[in-house]
Amino acid sequence: MSDNPIPVTLVKNNDLVRWPFDSNVVIDFCKNSLSPYIDEVQVSKLFDNTENEPLVRFKLTHIIQSNEWILGISWAHELGDADSCLRFLNTLSRLYQQMEPAEPLPIFERRLWKPDDADPCFLSGMKHLLDAKPFEVMWKKFMIDQELYDQVNL
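The opening position of the sequence shown corresponds to residue 1 in UniProt numbering, with each subsequent residue numbered one higher.
Hints were generated in silico from the structure; no laboratory data involved. In this text, a Cβ means the ideal position worked out from N, Cα and C, and glycines have one as well. Be a bit skeptical, because a hint or two may be false.
What the hints assert, rightly or not - In silico EDC-like cross-links for lysine to aspartate or glutamate, where the CA-CA straight-line distance does not exceed 16 Å: (1) LYS12 x GLU68; (2) LYS45 x GLU147; (3) LYS45 x GLU78; (4) LYS140 x ASP48; (5) LYS12 x ASP39.
To be verified - Simulated restraints on C-beta separations: (6) ASN67 x SER124: 56 to 62 Å; (7) LYS133 x GLU68: 43 to 49 Å; (8) ALA132 x GLU68: 45 to 51 Å; (9) VAL11 x ASN52: 17 to 23 Å; (10) THR9 x GLN65: 15 to 21 Å; (11) ASP116 x SER35: 40 to 46 Å; (12) LEU60 x SER84: 18 to 24 Å; (13) PRO104 x ASP15: 38 to 44 Å; (14) GLU147 x MET99: 41 to 47 Å; (15) LEU112 x THR9: 26 to 32 Å; (16) LEU112 x ALA82: 23 to 29 Å; (17) MET126 x PHE47: 19 to 25 Å; (18) ILE144 x LEU55: 19 to 25 Å; (19) SER33 x SER124: 41 to 47 Å.
Use the sequences and the hints to build the structure in full.
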């Protein structure tokens with residue numbers, strides 16, 4: 001979470017004849033592992049206040065025999081939810097195809113949140129913040145969730 005560049009990995013695959021799945025969309029994640037096509041963001045490193053772990057990683061795989069290209073992306077939730085990630089990828093795809101991006105256009109403005117910007121009059125509408133447990137309790141629950149559930153990469 002710093003001003004370091006976004007890592008992009010390029011892999012030339014001479015082993016595969018073509019994209020191994022029967023669809024461009026992977027529907028059954030348990031049956032179809034995407035790990036060879038994705039460099040995962042290490043979420044646990046983000047919470048250790050490391051400045052070296054990026055919020056997004058790209059992996060571009062070129063299947064030489066079929067001349068197919070696969071773009072894998074791992075996106076930390078701090079950047080946005082799955083819808084935001086899909087909008088980003090749609091915009092990237094449209095720009096690549098020399099098309100106009102769909103509205104609304106993405107905003108790439110960096111905004112740092114400052115505690116004194118918070119307006120306490122909105123707290124009553126944010127029950128999840130009012131009822132929040134201490135950091136140590138929430139961290140323990142988060143780490144248990146990380147062990148029990150698989151990360152979803154789109």
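Hint check:
With a C-alpha separation of about 10 Å, the suggested pair LYS12 and GLU68 falls inside the 16 Å cut-off, and the hint holds. As the CA atoms of LYS45 and GLU147 are separated by approximately 14 Å, the hinted pair is consistent with the 16 Å bound. A threshold of 16 Å between alpha carbons decides the hint, and for LYS45 with GLU78 the separation of about 13 Å falls inside it, so the pair holds. Between LYS140 and ASP48, the direct Cα distance comes to roughly 13 Å. Compliance with the 16 Å bound is thereby established for this hinted pair.
With a C-alpha separation of about 15 Å, the suggested pair LYS12 and ASP39 falls inside the 16 Å cut-off, and the hint holds. For ASN67 and SER124, the Cβ-Cβ distance of about 58 Å falls inside the hinted range of 56 to 62 Å, so the restraint holds. For LYS133 and GLU68, the hinted distance range of 43 to 49 Å is satisfied, since their beta carbons lie about 47 Å from each other. The hint said 45 to 51 Å for the Cβ distance between ALA132 and GLU68, and at roughly 46 Å that hint holds.
Hint check: VAL11 to ASN52, Cβ distance near 22 Å, so the stated range 17 to 23 Å holds. Under the hint 15 to 21 Å, the C-beta atoms of THR9 and GLN65, about 20 Å apart, fit the expected range. Between ASP116 and SER35, the C-beta spacing of about 43 Å keeps the proposed range 40 to 46 Å intact. Against the hinted window of 18 to 24 Å, the Cβ-Cβ separation of LEU60 and SER84 comes to about 21 Å, which satisfies the hint.
Range check, PRO104 to ASP15: about 42 Å between beta-carbon atoms, so the 38 to 44 Å window is met. A C-beta distance of roughly 42 Å is found between GLU147 and MET99, which places it inside the suggested range of 41 to 47 Å. In this structure the supplied range 26 to 32 Å holds for LEU112 paired with THR9, their Cβ-Cβ distance being about 29 Å. Taken as a hint, the range 23 to 29 Å holds for the pair LEU112 and ALA82, whose Cβ atoms sit roughly 24 Å apart.
Take MET126 and PHE47: their Cβ atoms lie about 21 Å apart, and the range 19 to 25 Å holds. Range check, ILE144 to LEU55: about 23 Å between beta-carbon atoms, so the 19 to 25 Å window is met. At roughly 45 Å, the beta carbons of SER33 and SER124 sit within the given window of 41 to 47 Å.
In the structure shown, no violation is registered for any of the earlier numbered hints.
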